[in-house]
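Asker: Spelled out from the first residue to the last, the chains are:
2 protein chains.
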Amino acid sequence: MAVLVVGSIALDSLETPFGQRNDVPGGSATFFSTAASFFAPVQLVGVVGEDFPEEHVAFLKSRGIDTTGLTRAAGKTFRWKGRYGFDLNEAHTLDTQLNVFGEFRPELPAAFRNPELLFLGNIHPELQGLVLDQVEKRPRLVGMDTMNFWISGSREALLKTLARVDMLFVNDAEARQLAGEHNVVKAARAILSMGPSRLVIKRGEYGALLFDKEHVFAAPAYPLEDVFDPTGAGDSFAGGFMGWLARRGDLSVGTLRQACVAGSTLASFCVEKFSLDRFKELDEAQIRERLASFKALTHFEEVPATL
Amino acid sequence: MAVLVVGSIALDSLETPFGQRNDVPGGSATFFSTAASFFAPVQLVGVVGEDFPEEHVAFLKSRGIDTTGLTRAAGKTFRWKGRYGFDLNEAHTLDTQLNVFGEFRPELPAAFRNPELLFLGNIHPELQGLVLDQVEKRPRLVGMDTMNFWISGSREALLKTLARVDMLFVNDAEARQLAGEHNVVKAARAILSMGPSRLVIKRGEYGALLFDKEHVFAAPAYPLEDVFDPTGAGDSFAGGFMGWLARRGDLSVGTLRQACVAGSTLASFCVEKFSLDRFKELDEAQIRERLASFKALTHFEEVPATL
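Chains as they are written, first to last, in our numbering: chain A, 8 to 314; chain B, 8 to 314.
Only chain A is shown next, with the shape it has when bound in the complex (with noise of 0.2 angstroms):
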């Protein structure tokens, strides 16, 4: 199987305790297109301004993505600058600079429209709506992301656009924020009656927690001495996530439990450098291990009946 991801490309400015980079390729569907290219064939939709530089392309199409559905527009590359203090957790926005991702309207090419996954990265509702329209037959399973900007701004449309979804992908904030609940197991439920028939709740450093109707699974995040640069984490978190279905090509219970763990291990990968500089040296081996590591971590001895 393949995944199609249509989302946002970016040039990030950082500042976190360890360093500070700038306009280093950032974005949506930048992090989701290049952790799940480890796993699995992707396809990307995307806009970026005439001043994106060529090298950051060149790496995509190396990972053997398909870039047949980025456009490159008059202007410039959408800009985001940010900054972290030691709680890598939170990301404070300095500067939010649209440019071309401003009049961005997704278009799938010819070749894209019949996706077997699909992962609708965090945009503007009307626009993942606006995707879901060009696509000819349902795909097996479609992922969205949002944040409270939608969800506060653009209630009605997320909504809509959620009810077209399978799969959703936001943090506890976002979560409670959504359903206006704050224990996240009723949040969670709730969002389950709003569309959507599985969920996934990212805590950052705390793991991810996968909710279907009837079973929850808890992924713990992989216990990392460095983290130099959260950004991405959510997006190589859902990349790897889905990727990883798309190479066991099932979606059972078992193989989303998995992708889970996937998941994690990429956006554990993610972290340990800026922008996209620890997957530019990461290969599969080092992913064995980790995905290994996940299994060591969190093992424990069924308790025996008689206690």
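There's no promise every hint is true.
[As the list claims (entries may be wrong)] Restraint ranges, calculated between C-beta atoms of paired labels, are given here:
id: 1; chain 1: B; residue 1: 68; chain 2: A; residue 2: 193; range: 30 to 40 angstroms
id: 2; chain 1: A; residue 1: 141; chain 2: B; residue 2: 259; range: 54 to 64 angstroms
id: 3; chain 1: B; residue 1: 104; chain 2: A; residue 2: 188; range: 35 to 45 angstroms
To be clear, the hints were calculated from the coordinates, so they are not data collected in a lab.
All values reported here derive from a predicted model rather than from experimental measurement.
Cβ coordinates follow ideal geometry from the N, Cα and C atoms, glycine included.
Add chain B to chain A, keeping to what the hints say.
Answerer: Same frame as chain A, now just chain B:
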């Protein structure tokens, strides 16, 4: 095996978004001993005032807890008053009256001086050391708890006691403060160089991490729909943990991991009602069922070596 616990016994007054209670039983030794009593025999050392209702002592006895070491002193019982908002992860202390607990000098009854497992609840580190002085033979495992107040105010005494114990139970903020290190993995490594060979970092609704020098184990918290009162969750975790070790009678890596799950299980029951109320109606079948749920919550099939 049996477990000996030395710690506080209090009358708590609590305000949560879901209701309020006045002068209900609380304190580290109370929660610890009750939780541990579901798995093993428990000996308790602590002090109450003349006003401590006999019915609470009777409840501890009804759980099989040996209260020979429970002293009734002239004066009033230790009182703590706290408030929780919707973010139940954090308690806001409204009032603390040490009363008879301010003069507490723990004395082990003769029959308590050879414990196999010993837990030093959160009291002044010098008093924790005083307990260790009274033990005739090195216990198989000594666990201790502490808090920000001692970490900042009695650091030297704390480090001295820490060097004498096998295992520390703290929350993540305390671990960071004690180690002077924000990253939790680095903080754990620093603490393991201070004496204890094992460390549990409690993370509230996000679960717990168990470290030794070679391994890390991540246990999630049980995803609950109704959390009424988090008071005592940490001590119930430690009680479930050490009670489990006593029940199984060994200190292998595998048993310690199960103990972590047993601790999370008891903590999850603790918070479902105020004070000890949930423990009053808890039975072994319910515990067994939730232990099994933890397996279902965290289990995933190992990824094949070929990915």
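Asker: For every hint, state whether the structure bears it out.
Answerer: Against the structure, the hints:
1. Between residue 68 of chain B and residue 193 of chain A the Cβ separation comes to about 38 angstroms, which falls inside the hinted range of 30 to 40 angstroms.
2. About 57 angstroms separates the C-beta atoms of residue 141 of chain A and residue 259 of chain B, a value consistent with the hinted range of 54 to 64 angstroms.
3. Checking the proposed 35 to 45 angstroms range against residue 104 of chain B and residue 188 of chain A shows it holds: the Cβ atoms sit about 36 angstroms from each other.
Figure legend: structure checked against the earlier numbered hints; every hint is met.
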